[in-house]
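Chemist: Listed below are the residues making up each chain.
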Amino acid sequence: MCVCVFNAAASLQQISASLGTEHNRTRREGRSRFTAAESGILHKCLFLTVISNMEVPRRPHPTSLTLALPKPASSALSPLGAVEKVAKKEPMTDKLQEKKDGTTEKDQFEEETFHTEEESVVSSELKDTNTSTVETKLSSQDSFSDDSSMSEERFAEDSKEAKRKSEEEEAAAKERTAQRQLMAIEELVQSERNYLHLLQMSTVTIRSNLQKLQPPPANLDSMFLYIEDVIDVSSRLLSLLDQKQVQPGDPHFLETLCDSFLSLSSDIEEAYREYLANYNNVTVVENSYKQKEALWNDIVRVIKTSAPEVNATSLSFFLVMPVQRIARYPLLLQTIQKHTEKTHPAYGLLEQTAHTSIALNCRINEYKRFREVADKYKKTETLTIKDKINRLNSHSIAKKTARLSQHIKHETGIATKLVDEEFDALEGFFYVLEHGILELLENVEMYLHHLQGFLACKTEEFDLDMDGEKAPICYKEITTALRQWILPTFEKRMRTLIHKPLCALRDLLVGPRNLIRKRLDKLLDYELICEKSSLSYEEQDVANTYRTMNTLLLNELPQFNGLALQMIWSMLGTFSCLHKDLASDMEQLFQSFAQQLPHSSLDPSAFWGWAESAVLEGARRIETLCRSVEDTLNAPVVQPLSPSSQRRLKQLTDKHGSGKIYQVMGTVVGSRDLDLNLAKGELVAIISEADSRGDKRRWLVDAGGRRGYVPSSKLLRYHQPTEDPPPSPHLTLPVGGAGIRRHSYTPEGRPLTVMSQPCFQVFAAYDFTARGNHEVSVRTGEPVRVLEPHDKRGNPEWSLVEARGGQRGYVPSNYLAIMPVGTGPAGTHQPY
Amino acid sequence: MSWIPFKIGQPKKQIVSKTVERDFEREYDKLQKLEDQTKKLHKDMKKSTEADLAMSKAAVKISADLLSNPLCEQDQAFLETMTALDTSMKRMDAFNQEKVSQIQKTVIDPLKKYGGVFPSLNMAVKRREQALQDYKRLQSKVEKYEEKEKTGPAMVKLHQAREELRPVREDFEAKNKQLLDEMPKFYHSRIDYFQPSFEALIRAQVVYFTEMYKVFSELTDQIDQAGLTDEQRERETEAKLSELRALSIVADD
Numbered sequence: 001m002c003v004c005v006f007n008a009a010a011s012l013q014q015i016s017a018s019l020g021t022e023h024n025r026t027r028r029e030g031r032s033r034f035t036a037a038e039s040g041i042l043h044k045c046l047f048l049t050v051i052s053n054m055e056v057p058r059r060p061h062p063t064s065l066t067l068a069l070p071k072p073a074s075s076a077l078s079p080l081g082a083v084e085k086v087a088k089k090e091p092m093t094d095k096l097q098e099k100k101d102g103t104t105e106k107d108q109f110e111e112e113t114f115h116t117e118e119e120s121v122v123s124s125e126l127k128d129t130n131t132s133t134v135e136t137k138l139s140s141q142d143s144f145s146d147d148s149s150m151s152e153e154r155f156a157e158d159s160k161e162a163k164r165k166s167e168e169e170e171a172a173a174k175e176r177t178a179q180r181q182l183m184a185i186e187e188l189v190q191s192e193r194n195y196l197h198l199l200q201m202s203t204v205t206i207r208s209n210l211q212k213l214q215p216p217p218a219n220l221d222s223m224f225l226y227i228e229d230v231i232d233v234s235s236r237l238l239s240l241l242d243q244k245q246v247q248p249g250d251p252h253f254l255e256t257l258c259d260s261f262l263s264l265s266s267d268i269e270e271a272y273r274e275y276l277a278n279y280n281n282v283t284v285v286e287n288s289y290k291q292k293e294a295l296w297n298d299i300v301r302v303i304k305t306s307a308p309e310v311n312a313t314s315l316s317f318f319l320v321m322p323v324q325r326i327a328r329y330p331l332l333l334q335t336i337q338k339h340t341e342k343t344h345p346a347y348g349l350l351e352q353t354a355h356t357s358i359a360l361n362c363r364i365n366e367y368k369r370f371r372e373v374a375d376k377y378k379k380t381e382t383l384t385i386k387d388k389i390n391r392l393n394s395h396s397i398a399k400k401t402a403r404l405s406q407h408i409k410h411e412t413g414i415a416t417k418l419v420d421e422e423f424d425a426l427e428g429f430f431y432v433l434e435h436g437i438l439e440l441l442e443n444v445e446m447y448l449h450h451l452q453g454f455l456a457c458k459t460e461e462f463d464l465d466m467d468g469e470k471a472p473i474c475y476k477e478i479t480t481a482l483r484q485w486i487l488p489t490f491e492k493r494m495r496t497l498i499h500k501p502l503c504a505l506r507d508l509l510v511g512p513r514n515l516i517r518k519r520l521d522k523l524l525d526y527e528l529i530c531e532k533s534s535l536s537y538e539e540q541d542v543a544n545t546y547r548t549m550n551t552l553l554l555n556e557l558p559q560f561n562g563l564a565l566q567m568i569w570s571m572l573g574t575f576s577c578l579h580k581d582l583a584s585d586m587e588q589l590f591q592s593f594a595q596q597l598p599h600s601s602l603d604p605s606a607f608w609g610w611a612e613s614a615v616l617e618g619a620r621r622i623e624t625l626c627r628s629v630e631d632t633l634n635a636p637v638v639q640p641l642s643p644s645s646q647r648r649l650k651q652l653t654d655k656h657g658s659g660k661i662y663q664v665m666g667t668v669v670g671s672r673d674l675d676l677n678l679a680k681g682e683l684v685a686i687i688s689e690a691d692s693r694g695d696k697r698r699w700l701v702d703a704g705g706r707r708g709y710v711p712s713s714k715l716l717r718y719h720q721p722t723e724d725p726p727p728s729p730h731l732t733l734p735v736g737g738a739g740i741r742r743h744s745y746t747p748e749g750r751p752l753t754v755m756s757q758p759c760f761q762v763f764a765a766y767d768f769t770a771r772g773n774h775e776v777s778v779r780t781g782e783p784v785r786v787l788e789p790h791d792k793r794g795n796p797e798w799s800l801v802e803a804r805g806g807q808r809g810y811v812p813s814n815y816l817a818i819m820p821v822g823t824g825p826a827g828t829h830q831p832y
Numbered sequence: 001m002s003w004i005p006f007k008i009g010q011p012k013k014q015i016v017s018k019t020v021e022r023d024f025e026r027e028y029d030k031l032q033k034l035e036d037q038t039k040k041l042h043k044d045m046k047k048s049t050e051a052d053l054a055m056s057k058a059a060v061k062i063s064a065d066l067l068s069n070p071l072c073e074q075d076q077a078f079l080e081t082m083t084a085l086d087t088s089m090k091r092m093d094a095f096n097q098e099k100v101s102q103i104q105k106t107v108i109d110p111l112k113k114y115g116g117v118f119p120s121l122n123m124a125v126k127r128r129e130q131a132l133q134d135y136k137r138l139q140s141k142v143e144k145y146e147e148k149e150k151t152g153p154a155m156v157k158l159h160q161a162r163e164e165l166r167p168v169r170e171d172f173e174a175k176n177k178q179l180l181d182e183m184p185k186f187y188h189s190r191i192d193y194f195q196p197s198f199e200a201l202i203r204a205q206v207v208y209f210t211e212m213y214k215v216f217s218e219l220t221d222q223i224d225q226a227g228l229t230d231e232q233r234e235r236e237t238e239a240k241l242s243e244l245r246a247l248s249i250v251a252d253d
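Going down the list, the protein sequences come from chains V and A.
So the first sequence is residues 1 to 832, counted in full-length UniProt numbering.
So the second sequence is residues 1 to 253, counted in full-length UniProt numbering.
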C-alpha cells in the first residue's frame with residue numbers, strides 16, 4: 001500500500017491536486033465547518049505552503065541571503081569537485097552496478113519502505129553507510145551519467161568555440177543552479193532553525209508565562225502534549241547537521257542532510273504523527289479559551305510580551321507550525337532536487353529523501369484518518385434523552401431505518417450478510433475476553449470485599465482477661481500481626497497488582513466495543529450501497545468509513561486480544577504468587593507460636609482428640625455449674641408456710657407427688673372461663689402443662705380441690721425446705737401491711753384449730769365499741785379468742801371473736817394482734 | 001448517700017458490710033466484663049469465619065468462572081493454566097472448610113455455651129438483689145418498731161416483724177454467700193475452659209496455612225513467572241496497558 005501511495009504521489013502537483021479535490025469534497029459534504037477544516041488541515045498545509053500562508057512567520061530572508069552571497073565561488077566549485085570524486089569511484093561502482101543492475105530500482109523502493117532498518121545502520125556507522133548509500137545511489141544514476149558523458153563527447157566533436165561557449169554557458173547555468181540549490185538548502189536549514197527556535201520559545205517562555213496566569217488556563221498541558229517530541233526530533237536533525245561540521249556550501253552537506261533526514265525519518269514520523277493526530281484537541285482547547293474573553297486577552301497579552309519579535313496573536317500561531325512544517329519538507333526537498341544536477345553525487349540520495357518525505361506525509365495522513373475514525377466512534381456517548389431527540393432528523397432516521405431493515409433482512413435470511421470470517425473470529429474472541437475480564441473483576445472485588453469483612457473482625461481485642469495464659473497470648477499476637485501487617489499487605493498487593501490493572505483493562509474495553517458495534521452499523525450502510533454500480537461522494541465516504549473501520553479492527557483487535565489475554569494470564573500468576581506469599585508468611589508466624597503451646601508435641605489426631613474431649617469436658621462442667629446456680633440461687637424466698645398451706649401441701653403431695661407442686665408468684669386474676677383466682681404464695685399441683693387446646697402458657701392446676709387454668713408464667717416450682725421451717729406463728733389474721741407478704745392466706749373457711757396452742761395469744765390492739773348486736777366491744781390489750789377470721793360472707797375485714805366473759809361478736813380484724821404468751825406487754829394485759 | 005425520693009424502708013443499720021458489698025460488686029463487675037467479651041468474641045469469631053469461608057468461596061469462583069469461560073476452548077495452554085488454578089482453589093477451599101469446622105467445634109460452640117451461663121447468673125444476682133431489698137425493708141420496719149414506745153400493740157408488731165424478717169434474712173445471706181462463692185469460681189473456670197479453644201484455634205490455622213503454602217507453591221511454579229518483584233510486575237502491567245492504550249481502537253481517557 002505504501003509503495004502504491006508512493007508511486008501515486010510521485011509528483012507534488014498530483015498529490016496536491018488529488019488532496020485538493022478531496023478537501024474540496026469534504027467541504028462540499030457540508031460537515032461541520034470545524035471537522036472539515038481539521039481533517040483537511042494537512043492537505044491545506046500542502047497548499048498553503050505553496051501559496052504562501054499568512055500564518056507562517058516571516059522568515060528572516062535577509063540574513064540567509066547575506067550568508068549565502070559572500071561565497072559563490074566556493075559553491076560553484078564544489079559540484080565539480082563532487083563530480084571528480086564520483087569519477088574516481090566509478091570503476092568500483094561499475095562492478096557493483098553490473099551485479100545489481102536489474103534490481104536497483106526495486107532496491108531503492110525497498111530501502112525506502114524499510115527505512116527503519118536502514119536508519120539503525122546509519123546511526124551506528126554513519127560514515128560507512130554514507131559512502132555506501134552514495135554508491136548505491138550512484139549506480140542507479142549510471143544511465144544518466146552515461147548520457148551526459150556521451151553528450152559531452154558529441155559537444156567535443158563539434159567546434160571548440162561552440163564547446164567553449166557551451167561550456168561557458170553550462171558553467172554559468174551550473175553556477176546559477178548551484179546557487180539556487182545552495183539557497184534552497186540554506187532555506188531548509190535556516191527555516192528549520194527558525195522553526196525550532198519558535199517552537200522552543202512557545203513551549204518554554206510562553207508556556208511558563210501562561211502558567212503564571214491567575215487562574216492558570218485549564219488544559220494548558222494538553223495543548224503542549226506531543227510538542228516536546230517534535231522539538232526533540234527537530235533538534236536532533238539540526239544537531240546531526242552540526243556534528244558533521246560541513247558548511248551548506250560543501251557538496252557533502254547535501255549528503256549529510258539527506259542522511260540525517262533519512263536516519264531520523266521514522267522518528268519524525270512517530271513524533272509528528274502523534275502531534276498531528278492530537279492537533280484537533282489543541283484547536284478545541286484554544287477555542288474554549290477564546291470563549292472567555294478576559295482569559296483570551298490575557299493569553300494574547302502574554303504571547304505578545306513573551307515573543308515580541310514575532311507578530312503572533314494566538315497560541316495556534318505557534319502550535320500549527322509542526323503541522324505546516326511536516327508538509328513543507330517534501331516541498332523544500334523537491335526544490336533542492338530541482339536545482340540539483342542529476343550528476344550530483346547526492347542526487348539519488350536526495351531523490352530518495354524527497355520520496356521518503358512524501359511517503360511519510362502520506363502515512364501520517366493515513367494514520368490521522370484512522371485515528372479520526374477511531375476517535376469518532378470509540379467513545380461512549382453520554383447523551384441525555386433530550387439531546388438524542390434533538391439529534392433526530394430526517395437523515396438520521398432514514399439511516400437508522402435503513403440499517404434496521406437491512407438487519408431484519410439478515411435475520412430473516414432475505415439478504416446474506418457480508419461475512420468477514422477473520423473479523424468474526426476476532427470479534428467472538430473479544431467478546432469472550434470481555435466477559436471473562438468483567439467476571440474476573442467482579443469476583444476479585446467480591447474477594448476483596450470479604451477480605452475486608454474478615455479484617456473488620458477484631459477478635460484479638462477480646463482475650464477474656466486471660467493474660468497469664470500462653471495460648472491466648474499467642475493468639476492475640478498472631479491475630480494482631482495478621483490484621484495489622486500481613487493481611488493489609490496482602491490486600492494492598494492484591495489491589496495494586498490485580499484489582500487496579502483489571503479496572504484499567506475494563507476501561508480499555510470500551511473503545512473496541514464501541515467500534516465493533518459501530519462497524520456493524522457501517523457494515524449495514526455499506527451493504528446497502530455496495531450493490532449500486534456508481535457511488536456518490538457521500539456513498540463513497542460511507543464505504544470508506546466502513547473499510548477503514550474494518551481494517552483498523554482487523555489490524556488492532558488481534559493485538560488487543562493478545563495483550564489482554566496475556567494480562568489476565570500474568571494476573572492469575574500474580575494471584576497465585578500472592579497466595580503463596582501469604583501462606584508462607586502465615587505459616588511461619590503460626591508455626592513459631594504453635595511451638596510454644598503446651599500441646600504442640602501431640603500429633604494432629606491426638607491433638608484434636610484431646611481438644612475435642614477437653615471442650616466437651618468444659619461444656620459438661622459449665623452445665624453442672626449452670627444447673628446448680630439455677631437450682632440453688634434462683635429458688636424463691638422460702639417463706640414459712642402457714643398451717644393451712646402446710647396442710648394443703650401435704651394433701652397435694654399425697655395426691656400428685658412432690659414434683660408437681662408449684663407456688664403462685666403473684667396474684668392471679670382469672671379472665672377466662674375455667675381460670676382460677678389465686679393469691680400470691682398459694683400452692684398448687686400441676687395436672688397438665690397445657691390447656692385443652694394445647695396452649696403451653698396455661699396450665700391446668702389443682703388448688704386443693706378447685707381446679708382450673710393458671711398462666712404458667714406465674715408459677716414456680718416449689719422447693720421444700722431441707723430443714724423444717726421454724727415453728728410458724730399462727731398468722732391467721734391479716735394484720736397491717738404485713739399481709740402482703742402472707743403467702744398462705746386463703747379465704748375459705750377452715751376451722752381454726754391452732755388456737756389451742758398455748759404459746760400465742762390474740763389481743764385486741766385498740767379499743768373497739770360495738771355499734772350493734774352483732775358486734776362486741778373490746779378494750780386495748782384484752783385477750784380474745786378468734787372463732788372465725790371472717791364474717792358470714794367471708795369478708796376477712798371482720799372477725800368473729802369471743803371476748804372476756806364469753807360475749808361473742810364481730811370486731812374489725814385489724815384491731816387484733818397476736819403475741820407470744822409471756823412477753824412483756826402481753827403479760828401486763830393478762831390478768832385472767 | 002444519695003437522696004432518693006420515695007425510697008421507703010432504708011434501714012439505718014448497715015445490714016451488709018461494706019467489704020462484702022464491695023467484694024460482691026467487684027466479682028460481679030468482672031463477670032459482666034467477661035460476659036461482654038464472650039459475647040463479642042463469639043460474634044466476631046462467627047463473623048470472621050463466615051468472611052473466611054466467603055473469601056475462599058470467592059476465590060473458587062474466580063477460577064471456576066474462568067474455567068467455564070469459552071476462552072479455554074480456544075487456547076489449550078490457557079485451559080491447562082485454568083485447570084491448575086481451579087484445582088488449587090478447590091483444594092484450598094476444602095482445607096479451609098476443614099479448618100472452619102474445627103474452629104466451629106472447638107472455639108465457637110464452646111464460646112456460645114459459655115455465654116449461655118450468664119443469663120442464669122444474672123438472674124441469680126437479680127434474685128439476690130430482690131432478697132436484699134426485702135431484707136432491708138423488713139429490717140427498717142423492725143427498727144421502726146424498736147424505736148417506738150414499748151406498748152403492747154407495738155410489741156406485738158415488733159415481734160411479728162422480727163418473725164417475718166428472719167427467713168428473709170436467712171434467704172439473703174444464703175444467696176449472698178453462694179454467689180460470692182460461685183462467681184469467682186466461675187470467673188476462674190474460663191482459663192481451663194478456653195485454653196483448649198485457643199490452642200485449637202492456632203493449631204487449625206497452622207495446618208491450614210501449611211497446606212495452603214504447599215498448594216500454592218506448586219501452582220505458582222506452574223503458572224507464574226518466578227521471582228518477580230512487585231515493582232517488576234507493576235511495570236510489566238503498566239507496559240502492557242500503555243501498549244494497549246497506544247492502539248487507535250482504544251479510547252484513552
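Hints are computed from structural coordinates only; laboratory data are not their basis.
By construction, the Cβ of each residue, glycine as well, lies at the ideal position given by its N, Cα and C atoms.
The reader is advised that the hints may include incorrect statements.
Unchecked claim - Lysine-lysine pairs mimicking DSS-like chemistry, simulated, CA-CA at most 27 Å apart:
id, chain 1, residue 1, chain 2, residue 2
1, A, Lys-46, A, Lys-18
2, A, Lys-113, V, Lys-470
3, A, Lys-61, V, Lys-492
As the list claims (entries may be wrong) - Simulated coverage check for chain A against chain V, where a stretch passes if three residues somewhere in it have a Cβ under 8 Å from a Cβ of chain V:
id, segment
4, 15-27
5, 63-72
6, 113-120
7, 142-149
8, 186-193
9, 199-208
10, 230-240
Claimed, not checked - To list a few chain V residues with every Cβ distance to chain A over 12 Å, as calculated:
id, residue
11, Lys-165
12, Gln-190
13, Leu-198
14, Val-300
15, Thr-401
16, Glu-539
17, Asn-544
Chemist: Of the numbered hints stated previously, which ones are contradicted by the structure, given in increasing order?
Modeler: Result: hints 1, 4, 7 break, sorted rising.
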